[in-house]
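There are 2 protein chains.
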Amino acid sequence: MTSLAMIEAAAHRLSGQAVRTPLLSSPFLDRIAGRRVLVKPECLQHTGSFKFRGAWSAVSALAPEVRARGVIAYSSGNHAQGVALAAARHGIAAVIVMPSDAPEVKIANTRALGGEVVLYDRARESREEIGAALAAERGLTLIRPYDEPQVIAGQGTVGLEIAEQAAEAGVTRGDVLICCGGGGLSSGIALALEAHAPDLRPRPCEPEGFDDVKRSLAAGQISRNTAESGNICDAILTPQPGEITFPILHRLCGPGLAVTEDEAMRAMALAFARLRIVLEPGGAVALAAALFRPEEIDGDAVIVVASGGNVDAGLFRTALDRFGAET
Amino acid sequence: MTSLAMIEAAAHRLSGQAVRTPLLSSPFLDRIAGRRVLVKPECLQHTGSFKFRGAWSAVSALAPEVRARGVIAYSSGNHAQGVALAAARHGIAAVIVMPSDAPEVKIANTRALGGEVVLYDRARESREEIGAALAAERGLTLIRPYDEPQVIAGQGTVGLEIAEQAAEAGVTRGDVLICCGGGGLSSGIALALEAHAPDLRPRPCEPEGFDDVKRSLAAGQISRNTAESGNICDAILTPQPGEITFPILHRLCGPGLAVTEDEAMRAMALAFARLRIVLEPGGAVALAAALFRPEEIDGDAVIVVASGGNVDAGLFRTALDRFGAET
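Residue numbers (full-length UniProt numbering), protein chains in the order written: chain A, 1 to 327; chain B, 1 to 327.
The hints are simulated quantities; they were obtained by calculation from the structure and are not laboratory data.
Note that beta-carbon positions come from the ideal geometry of N, C-alpha and C, so glycine has one too.
Check each hint, because a few of them may be wrong.
[Unchecked claim] One side of the interface only, derived from the structure: several residues of chain A facing chain B at Cβ under 8 Å:
id, residue
1, G16
2, R20
3, T21
4, L24
5, F28
6, I32
7, A33
8, G34
9, C43
10, G48
11, L113
12, F272
13, I277
14, A313
15, L320
16, D321
Please model the complete structure; the sequences and the hints are all you need to start from.
So this is what it looks like as structure tokens:
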């Protein structure tokens, strides 16, 4: 299980390796949301998402002789790139199992970062089985994307930074909206806030139709999505909350929030115009919730974790075409 | 004249007001440039450019009874927004004199930030004369965009941060490429680096055809541009280096660099894909120089100040259309 001590140790290992992302704000966004909005732009993290933190945490925690044999990961793209870069910086091999329908830019970038990409069919094959088989065959260590204590510890460093930076901005009470797939980022942040900012309440955000975490939190038990793909928020589509992450989320998080694909795209256009950052749809759902679900949020200020920015130029242009004039 | 003590005092006044922007990097940009590239993204600063620093520095340095009468500024857009927000946060009036051909987004944002916008014809009228007349008539204090010691001191805080952050990244020697208009940012950074990182060499970057600073540095005396507009890098088109800034630039800077409009647009597309930040053309010229003029740069690492990101969605889409596939 991930402890606060593990998160703080991960922060120590990540020091000088990860970007300490600032908190950004804009009076224009405050006006739309009806409260202060503070955005933690993890799209500026190495490889374009928070995933580098967890990947570095896990790879750097391995015993040297184990690490030397290499690592393997399965991922729709962001975890893949995080593990590929963390492995490359450690000088070890990284095999990455990716769905064949992952965004091209993520597949290409994973390869360019030194990852050996193995594609699979999301509808017919199990990435977990493929990962386990390759790991056994080649002596690689599997780095799970979220159900892995050292990965959760790495993502939790976002929470340590939020606790400090929000206090500096005068915010010690309010909701922290977090883009959520399997729950690694949300559970890590929740553990860090529990210790360092107990009046900041973590709340997972998801796309409508893929709101397994929201429904699981409401039901008090793990609930699955009916579909596994078919939404532009590819980065955060997971079948269900993790077995390790869900108990943490259930204990520490407020209710989940869900937004539409169009709301995610509008949030991308507003982040472009008002924060000058690039978000991918899955990285924009928490901002979308802050802006377009104000009645579901408590407090004078809301903190948003914008989790990633690995988006094809074509899809980004579409968001600007459709919503760029509204900003 | 701006002194190091003034820059440090400005840093103190800006603490908690300005974003401490991180240094960003990408192995993909390193590969193109042939050396490490560390980017200081001032597009993430409040109002979308470094100009907020100088504006806050100048407004906060005024005597309270003088400040209470309000301020006036002339600007193509970024200084305008910086002064408007700094004034609004101080609860005072800000009159902003802007060219009628400034980007719409900058005019609209300046108004939305509380600025009272006065438009003028760039080809027929002098913004300096309009500013001086309005200042006298209404008792406003003129906040010059660059030839103003407290503005230079505010911009110099970027240099203080670079000195610290570059050292943390292991870089104490190399070129610092800076997008340059009138020279306020470049001269402020140069003064800060002279004291805190003397082996980091500031180098102004401009668009070809509007490289008055580059030519002035080469000639050892102030040289004017022949045209005053007609380039997409609107944020950094100034007729000539400032009377106050030029002697500082001449004493402390290495040779200037100049890039084409297409190179600035390519740098915008690469910053989108590799750093997930939004740059305007004028804010991208230093990155363009780092990527496309490697033979004019010294050292194993180069630092880039990406100065602003206030760009219309249409122009940004054009950059992605033309150069988004090359990334």
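Okay, the hints, checked on the actual structure:
{"no.": "1", "hint": "G16", "in the structure": "holds (7 Å)"}
{"no.": "2", "hint": "R20", "in the structure": "holds (6 Å)"}
{"no.": "3", "hint": "T21", "in the structure": "holds (7 Å)"}
{"no.": "4", "hint": "L24", "in the structure": "holds (6 Å)"}
{"no.": "5", "hint": "F28", "in the structure": "holds (7 Å)"}
{"no.": "6", "hint": "I32", "in the structure": "violated (12 Å)"}
{"no.": "7", "hint": "A33", "in the structure": "violated (15 Å)"}
{"no.": "8", "hint": "G34", "in the structure": "violated (16 Å)"}
{"no.": "9", "hint": "C43", "in the structure": "holds (4 Å)"}
{"no.": "10", "hint": "G48", "in the structure": "holds (5 Å)"}
{"no.": "11", "hint": "L113", "in the structure": "holds (7 Å)"}
{"no.": "12", "hint": "F272", "in the structure": "holds (6 Å)"}
{"no.": "13", "hint": "I277", "in the structure": "holds (6 Å)"}
{"no.": "14", "hint": "A313", "in the structure": "holds (3 Å)"}
{"no.": "15", "hint": "L320", "in the structure": "holds (4 Å)"}
{"no.": "16", "hint": "D321", "in the structure": "holds (7 Å)"}
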